[in-house]
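Listed below, chain by chain, are the residues.
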Amino acid sequence: MEAVLTRWREIVQAASANRTGLRLRGGGSKDFYGEPATGELFDTRDYRGIVGYEPTELVVTARCGTPLAELEAALAERGQMLAFEPPGFGDATVGGCLAAGLSGPRRAQAGPLRDFVLGTRLMDGRGRIMEFGGQVMKNVAGYDISRLLAGSMGILGLVLEVSFKVLPRPIRETSLRLSLSQEEALTAVTRWRRQPLPVSATAWEGGELTVRLSGAEAAVATAARTLGGTILEDREGERFWRDLREQQLAFFGNGDVPLWRISVPANTGALPIEAADILLEWHGTQRWLRTDMPAREVRLLAREAGGHATLFRGGERADIFEPLPEPVMALHQRLKAQFDPDGIFNPGRLYRDL
Amino acid sequence: MSFINDAAFEVDREPLIAELYRRLPRHCVLSDVEDLRPYECDGLSAYCELPLAVVLPENEEQVIAVLRTCHRLGVPMVPRGAGTGLSGGALPHAQGVVVSLARMKDILSLDPEQRLAVVQPGVRNLAISEAAAPHGLYYAPDPSSQIACTIGGNVAENSGGVHCLKYGLTVHNVLSVRMILADGTPVALGGTAPESPGLDLLALSIGSEGLLGVVTEVTVNLTPTPPCAQVVMASFDDVNKAGNAVAAIIAAGIIPAGLEMMDKAATAAVEPFVNAGYDLEAAAILLAESDGTEEEVAEEIARIRTVLEENGATSLKVSGNEQERLLYWAGRKAAFPAIGRISPDYYCMDGTIPRKHLGEMLTAINAMEEKYNLRCANVFHAGDGNLHPLIMFDANKPGELERAEAFGAEILERSVQFGGSITGEHGVGAEKIDQMCVQYSEDALDAFRAVKNALDPAGLLNPGKGIPSLHRCAEYGAMHVHKGNVPFPELPRF
Ligand SMILES: Cc1cc2nc3c(=O)[nH]c(=O)nc-3n(C[C@H](O)[C@H](O)[C@H](O)COP(=O)(O)OP(=O)(O)OC[C@H]3O[C@@H](n4cnc5c(N)ncnc54)[C@H](O)[C@@H]3O)c2cc1C
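Sequences listed follow chains L and W, in order. Residue numbers 14 to 367, in our numbering, belong to the letters of the first sequence in order. Residue numbers 162 to 655, in our numbering, belong to the letters of the second sequence in order.
Pulled out of the complex, with its shape left as it was, chain L reads as follows:
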């Protein structure tokens, strides 16, 4: 075993023996996210590097501490990408990216992070190392623990390595902008979703709908003509989607007002709410709200629309994620107890009692 892992195993085993929490952390780019972190700081950046990348297999495998930027640069060099466009929010690492489970603008077309997880290597609470899934596209042997780890906020174990499915970058990308009200924009994106259009991302804010088209030259050109609006300079389009993904747009800059993420089903109309700044993504299924409304009211709003709400940034750092129904929470507790019986990994980071 590599020296780092031997050392890590000792730390994990000691933590289990003493029942002390470990706060798993890569670059700290998501320190703001989730329930407050507790426990002794455990820096995953000692274990880094891309361990396998074969473009023709569409698979990349990297250690948890690998900077996400390094991974994405390696893929870009070969004309490939992580199609779920994970936000980095600074110095993100591969392990943190998997654990946070966040996807960016292209999720609207390509699907979420978990769809691209092929395999993982995990250290459990006893310091045992095991591999799940693998480096192949299809593997149905055993339960899909790798996907279970995606978005788990590190509560089930220490992710050592991740294999992601990667995709070729589109030959052509063009962004355009249309002036539309929120209602008009929602109607438009719902209509487009039903058509075989190469729309890879949509974002609406303040009366403007920005659309990205990705695909073969001809298809993008035709779709751009069909959709109308103003075509953005390539550089401007790229900057817009990057700033959206990294939450660098002016919308996200607004100081102390809490930022909520509302997830709703497709074809949901405008939410009945006045006192908020709103930005819509993913064809209207992800809605960012900046509002001082009480948490209770925001959650009710989301629930009534058939969705759920996450307190993404700011506000009082408690009850971040939607509360789970009792039998589902019971399953969470049982899984946690099985994987991490001494409760050492990121205690309370996903839900307070986990």
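Honestly, I wouldn't trust all of these hints.
[To be verified] What the simulated footprint calls covered on chain L by chain W, stretch by stretch (three residues with Cβ under 8 Å from a Cβ of chain W suffice, anywhere in the stretch; the number is not a length):
| hint | region |
| --- | --- |
| 1 | 98-104 |
| 2 | 187-195 |
| 3 | 225-238 |
| 4 | 292-300 |
The set of hints was computed from the structure by calculation and includes no laboratory data. Computed from a prediction, not measured in an experiment: that's the story for all the values here. Where a beta carbon is used, it is the ideal one built from N, C-alpha and C, also for glycine.
Using the hints, position chain W with the ligand against chain L.
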């Protein structure tokens, strides 16, 4: 073939049957031997077992009632859809009850605006696409068995099809499920809004082979039907060249809608059956499909053609119309029945390997044909590296069955050595339970057992399948090390 289920239970038959009749309408319970017979196996007909009873609940309340009853009495339960599974996943337990979902076959709703359908577990895969067709939509995963197999079975197996390279497997196309846990507790997993809160238990449930819960409702994502699709058929005089061409297509940044490969033995079996116009001289043929708008397809087909030509294709045909396209695929989709026509029995394997080893694997399989003195035809989901070697044998000839099994086991173990998996889409079930000990370390298997413990602590759902017991691997390991790759093909391996 024999499968020894090492999960033993003691069940009193009479009180169980009486209790089932009390909980369900009479016509929903079968307990006479002749009524049980049709349920004795699934698509892997070499494994047979009679259950104590079969129940056919007609709604979720009845499913819950059955599960509660069985749970209270400590009775094994085996969920079943259409029984087309190829790994013995729906094989009954001798002390258990088969829970057939076949009567829950309503499409509850279909919302073209949201692009989703809510269906009961017994709905057939193809029925969803048929219902969605008038709206210009379809359900993308298309297993070759799609006329018959159920969505509940698809969820349990994480089934794929020829279009999965581009459109994903079941796990990528299901938004939520309702699942009844072993003790009768219903849970809703996933949702129609993105990024459901908490752990991704939906992903855990998909591909869980009926070991974690009984699925009673599935919400699937529907995909817009592409206005245009064309397929290129390319011949190669060497399987390695065909394998390299597959990698070259991917390397060129193309993700075809389908990318399938058939070797000479497969095309020879299929052609007289389907008259698809396959090149019977070719060592292997590739089918590469492009779909989208007419312009997109034209652009992509041109690129695919170039790559195939550069990689030594000896001839190329592009489907000229929809009829021709369907004909090219018909041959591929009929591969299993076609082999069934030329051989009394066949054994279908399902390993996956990194694409780059396709050629090497085919060469290895050729050598195994000699070693085991059995023929094998190969159809591959080449784009995904998913192999379906079809080993032909005659169960009536002494020793052939055992040789076929040993042949299959060797293919799977070779798949693992290549860095792949023992199953890409058919599941572990009863069939590949011992190979799980080859693919996974004891610690990883322990983690699987931990998942099982968390969801079904009494171990009553589909016991003895999917995840081998500690004991089982110890025994297999001992036998394995002992016999390893030494050619004693006449000895049974399972
Ligand atoms: C000719 C042929 C071609 C095939 N082609 C393909 C292919 O291209 N791709 C592919 O992936 N597979 C293929 N298969 C395999 C098979 O069709 C799939 O595995 C299918 O998903 C099984 O569905 P079923 O309804 O028949 O399930 P069954 O065979 O009845 O059951 C399969 C498993 O699912 C469990 N199960 C069933 N229903 C439920 C439920 N409601 N809740 C919980 N567990 C449940 C069972 O316990 C069992 O473990 C093929 C099979 C045949 C015979």
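Hints violated by the structure (listed by number, smallest first): The structure breaks hints 1 and 2; every other hint is satisfied.
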